[in-house]
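Trainee: I would like the entire structure built from these sequences, with the hints used as guidance.
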Amino acid sequence: MTTPQEPDRDDIETLESGELVRPYVIINGRGFSDGNRFDLVTLVTASADSEQRWGQLDPEMRGVVDLCDGGYLSVAEIAGHLGLPIGIVKVLLVDLAEQGYILTRAPIPPAQLADIKVLQEVLDGLQARFG
Amino acid sequence: MDSRLGSADGVHLADKVQIAAKILVVGHFAVGKTTFIGTLSEIPPLRTEETMTQAGAEIDDLKGVRGKTTTTVAMDFGRLTLSDRLVLYLFGTPGQQRFVQVWEDMTRGALGALILVDPERLKDSFAVMDLVEKYGISYAIAVNYFDGSPSRSEAELREALDLLPETPVVTCDARDEKSSAQALVALVRYLQSRTRQE
Ligand SMILES: Nc1nc2c(ncn2[C@@H]2O[C@H](COP(=O)(O)OP(=O)(O)OP(=O)(O)O)[C@@H](O)[C@H]2O)c(=O)[nH]1
Ligand SMILES: [Mg+2]
Numbered sequence: 001m002t003t004p005q006e007p008d009r010d011d012i013e014t015l016e017s018g019e020l021v022r023p024y025v026i027i028n029g030r031g032f033s034d035g036n037r038f039d040l041v042t043l044v045t046a047s048a049d050s051e052q053r054w055g056q057l058d059p060e061m062r063g064v065v066d067l068c069d070g071g072y073l074s075v076a077e078i079a080g081h082l083g084l085p086i087g088i089v090k091v092l093l094v095d096l097a098e099q100g101y102i103l104t105r106a107p108i109p110p111a112q113l114a115d116i117k118v119l120q121e122v123l124d125g126l127q128a129r130f131g
Numbered sequence: 132m133d134s135r136l137g138s139a140d141g142v143h144l145a146d147k148v149q150i151a152a153k154i155l156v157v158g159h160f161a162v163g164k165t166t167f168i169g170t171l172s173e174i175p176p177l178r179t180e181e182t183m184t185q186a187g188a189e190i191d192d193l194k195g196v197r198g199k200t201t202t203t204v205a206m207d208f209g210r211l212t213l214s215d216r217l218v219l220y221l222f223g224t225p226g227q228q229r230f231v232q233v234w235e236d237m238t239r240g241a242l243g244a245l246i247l248v249d250p251e252r253l254k255d256s257f258a259v260m261d262l263v264e265k266y267g268i269s270y271a272i273a274v275n276y277f278d279g280s281p282s283r284s285e286a287e288l289r290e291a292l293d294l295l296p297e298t299p300v301v302t303c304d305a306r307d308e309k310s311s312a313q314a315l316v317a318l319v320r321y322l323q324s325r326t327r328q329e
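Protein sequence lines, in the order shown, are assigned to chains A and B. 71 is the number that this note's numbering gives to position 71 of the first sequence; each next residue is one higher, with no gaps. If you want this note's numbering, it's the position in the second sequence, counting the first as 1, plus 131.
Just so you know, the hints here were simulated from the structure itself, not pulled from any lab data. These numbers were taken from a predicted model, which means no experiment stands behind them. Worth double-checking, as some hints may not be accurate.
Have a look at the derived ranges for each label pair, beta carbon to beta carbon [what the hints assert, rightly or not]:
(1) A:T104 <-> B:A291: 26 to 36 Å
(2) A:D66 <-> B:Q328: 38 to 48 Å
(3) A:A128 <-> B:D146: 14 to 24 Å
(4) B:T298 <-> A:Q120: 29 to 39 Å
(5) A:Q99 <-> B:A139: 24 to 34 Å
(6) B:S282 <-> A:L103: 50 to 60 Å
(7) A:Q56 <-> B:Q328: 50 to 60 Å
(8) B:D278 <-> A:W54: 45 to 55 Å
Glycine is no exception: its CB is placed at the ideal position from the N, C-alpha and C atoms.
Mentor: Next up, the structure:
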C-alpha cells in the first residue's frame with residue numbers, strides 16, 4: 001500500500017462535482033495504472049471465505065465483494081452497478097485480489113479471443129437466439 | 132429477452148460461463164448506440180464513467196481549466212449470454228471524443244466493431260471511423276434510417292464513406308431486435324472471413 005495522500009485542495013475547489021473528487025479519496029491517492037491487469041470484461045467473483053472477513057473492508061470494497069458474491073460479473077458490470085468509474089473499480093479489484101477477497105476467471109488473451117471458434121460460437125448463439 | 136442461458140438471479144452470469152467476448156457499437160452523437168445495445172441486451176443496459184488523468188491534458192474542452200486533469204465520460208454496455216460458456220458484451224461510446232483511456236479499454240481484445248451511421252449525417256461518422264481504424268479493429272457499417280430519411284444506394288454510401296470493397300454495409304433499425312441482431316451477424320460473418328485469411 002502506498003501512503004495515503006490528501007487530494008490537492010486546489011483541485012477540489014476547481015471541480016464542480018463532488019463525485020469527481022471521491023475517487024482520489026477511495027483509492028488513497030494511488031496510481032490508476034495498477035488496474036491494467038483487469039480488462040473491462042475480466043470476470044470476477046467473491047472468494048468462498050470472503051464473507052467471514054467482509055467486516056474488515058472499506059465500504060467501497062465491501063460493495064464490490066457483496067455484488068460479486070453469488071456469481072461472476074465483468075469489471076464493467078461491477079462499475080455500472082456500483083456507479084463507480086472503471087479506473088477506480090480496477091484499483092479496488094487489485095487490492096481485493098491481493099487480499100484474497102475475489103477471484104477472476106483466467107483471462108483469455110486477445111489473440112485467442114479472435115479465434116475462429118469463438119466467432120463461430122457467437123454466430124451460432126446469435127442465430128439460435130434471434131432466429 | 133431470453134433467460135434460458137442467463138443466471139438464476141438475473142444479475143450474475145450463469146455458472147459455466149468462461150469466455151467473455153466484446154464487440155463495440157460505436158457511432159456519432161445520437162445515431163442509436165444506446166438504443167441498439169438496449170434492444171439486444173439481456174440485462175438492463177448499464178452505463179459507466181471513465182476517469183481521465185494524463186489524457187485530459189490533450190482534451191480541448193478542458194484546456195484552460197487550471198489543474199483539472201480528471202473528467203468523466205459515459206460508456207453504455209449490455210450483455211448477451213450466447214452459450215453455456217460464452218458471454219458477449221456490447222460496448223458503446225461516442226466517437227468524436229478523444230478520450231484515450233476509454234478507447235484503449237474498449238478496443239483491447241475486442242472482436243470487432245459495428246459502426247452505426249445516419250445516412251443524413253455521413254460526415255459525422257468520419258471521426259469514429261478514424262478511431263476504429265487507428266486501433267486496428269475490423270468493422271461493419273450499419274445504416275440506421277430515421278423516419279423521413281431518403282434512402283441512399285449502397286454504392287452512394289460506400290463512396291461517401293470511402294469503404295473498402297469487402298467492408299459489409301447493412302441497414303438496421305436499432306429499435307428492432309431482429310434487425311439489430313442481423314447487423315451483428317453480418318459483422319461476425321465478416322470477422323470470420325478475415326480470420327480465415329490470416
Ligand atoms: N427511426 C429510428 N430511430 C432510431 C433508431 N435508433 C435510435 N433511434 C432514435 O434516435 C434517438 C437517439 O438514439 P440513442 O440510442 O439515444 O442514440 P445514441 O447514439 O446512444 O446517442 P448519444 O449517446 O447521445 O450519442 C432516440 O430517440 C431513438 O429512439 C433507428 O434505427 N431508427
Ligand atoms: Mg447513448
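Trainee: Which of the numbered hints are not met once you compare them with the structure shown?
Mentor: Structure breaks hints 1, 4.
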